[in-house]
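There are 2 protein chains.
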Amino acid sequence: MSVIYKKVALIGLGLIAGSIAHAIRRAGLAETISGYARSSETRDIAREIKLCDQVCDTAAQAVKDADLVILAVPVGAMAAVAKEIGPHLKAGATLSDVGSVKASVIKSVSPFVPETVHFIPAHPIAGSERSGPHSGFETLFDNRWCILVPVENTDETALANLRSFWEKLGSNVEVMDAQHHDLVLAVTSHAPHLIAYTMVGVADDLRRVTDKEVINFSAAGFRDFTRIAASDPTMWRDVFLNNKEATLEILGRFTEELFDLQRAIRRGDGDFLHDYFTRTRAIRRGIIEAGQDTDAPDFGRGLTKES
Amino acid sequence: MSVIYKKVALIGLGLIAGSIAHAIRRAGLAETISGYARSSETRDIAREIKLCDQVCDTAAQAVKDADLVILAVPVGAMAAVAKEIGPHLKAGATLSDVGSVKASVIKSVSPFVPETVHFIPAHPIAGSERSGPHSGFETLFDNRWCILVPVENTDETALANLRSFWEKLGSNVEVMDAQHHDLVLAVTSHAPHLIAYTMVGVADDLRRVTDKEVINFSAAGFRDFTRIAASDPTMWRDVFLNNKEATLEILGRFTEELFDLQRAIRRGDGDFLHDYFTRTRAIRRGIIEAGQDTDAPDFGRGLTKES
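Just so you know, the protein sequences line up as chains A and B, in that order. Going by our numbering, 48 is the number at position 47 of the first sequence; the sequence numbering is gapless. Going by our numbering, 68 is the number at position 67 of the second sequence; the sequence numbering is gapless.
One or more of the hints may lead you astray.
As the list makes no split between identical chains, a pair holds if one copy fits it or if it spans any two.
As the list claims (entries may be wrong) - The calculated lysine-lysine pairs, modelled on DSBU-like cross-linking and capped at a C-alpha distance of 35 angstroms, are:
no., residue 1, residue 2
1, K213, K169
2, K213, K65
3, K108, K213
4, K7, K108
5, K213, K84
6, K213, K51
7, K51, K245
8, K245, K7
9, K91, K213
10, K7, K51
Please keep in mind that the hints were generated in silico from the structure rather than gathered at the bench.
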């Protein structure tokens, strides 16, 4: 046991909050975990599976006396939740979040944070296409990165505690500013998600290729896209609406580049294509060496084992 | 042991041919496996790891007396190989291939096939981003699909034997015509690969996001793209050059759709985005139900285990 916060309150009880609860218990980081979810069905499930020590019927009750409050709701719901809990936050508490965009969350939550509360936005880079109170697991953050995005004049001790908390949940921690965070994530996550959604939508629309074929012959490429495109619709709607500029910038860049490659195909410029594909291969090697993936040969589909 | 072909010759000794060799042995489908690769280094490795019973220094030697010859070289190399081996093929033998496009392979290989030989093109829908003689494994085709694309007047017995061979390698077998195959694969594999290559290229190009950040914060979306974009550059160059029309058609459709989604983001049309993402989620469910993937929550990254 190495308690950092006596009481942690989780607002929203989906994949991320659930995984935080499991990982808190694994490391003994809190004495009490309280939780709240908007849907009574989610609250009932959370009670049944004992996700938290207390599941409360209002967010205000859940945050009472909490030393750390984590907003784990879709980005578009952050402002309303912050407004509701603001007056009930304990003096000296830390308020954080797990939203995938940071500038807009800071803008929408800050007005509701009392002066006595330390607001330190955060973003754990971890997830799966699953959602809901059942979906969390204690190892979700292991060896993943968590980005802390402190606002102006952040208290050093509060920041150090939150860093330590995320490290003990299993993460590596990095600190950066909100604008930069939002651009980096537009490249590594937001644009790729939109592209995957688009490609799956195209396949779904095409009348000339029957559904059964698309499904049966979903080779590596498309199968991976469908996994990405199965992510939570509400979360991703909010991500795109709240990281509009950076996402559109990257998508514009993407379209330019795609047109270049399309032109090379049309012209039959094999050297251009080969050089391009050789260059992209190297970045993959870097990711494996950085320990952020394995080079298992089966794309993780789990149906086969290497001989 | 259930020998279908006494001698099988594998031309090209990469991931697919290597996996065929392992799977032939697992099921005892041949008495002898011969092999040939253009690179002497590959031939040396193949000899060292005993990938085949005989590794020959020419393709002509390898196909001598073979009952089944499988061309497992990049699509752009098929014609030259077919020309070389044509005169050396045994009367009554079956010639097949594993190319990812079919119309252009049929066009380029057919002129070199003797009248006494059964040419039956095939495409196993299986792979990984690995390549080379070391990369094969015996379970690669298990529960994957293999598409047979018979040309006009194909001998029924020869077709039945090749179907049985692929089923015993572990595959499900489907028969379709070349045009349809090339369109289906443009949707499920070729367009997604080009898109993944493009997105990884964009990330690599951007001076504003450092390599280290792209690598460390490669959340699910981008990480999956890099895996696809690490595929063999020569193979994929040839795929795009040889399935030009269908790939460009699907990419055109993709771009239209992407523009629709970009416009929805720009306008802040959350309902449009939410509806779209909800629709794409369903196709994923179909793929899992069809047994072509698992719903493991960790994206197969293998670093974590579900609790």
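Those earlier numbered hints the structure runs against, lowest number first: Those not satisfied are hints 2, 5, 6, 7, 8, 9.
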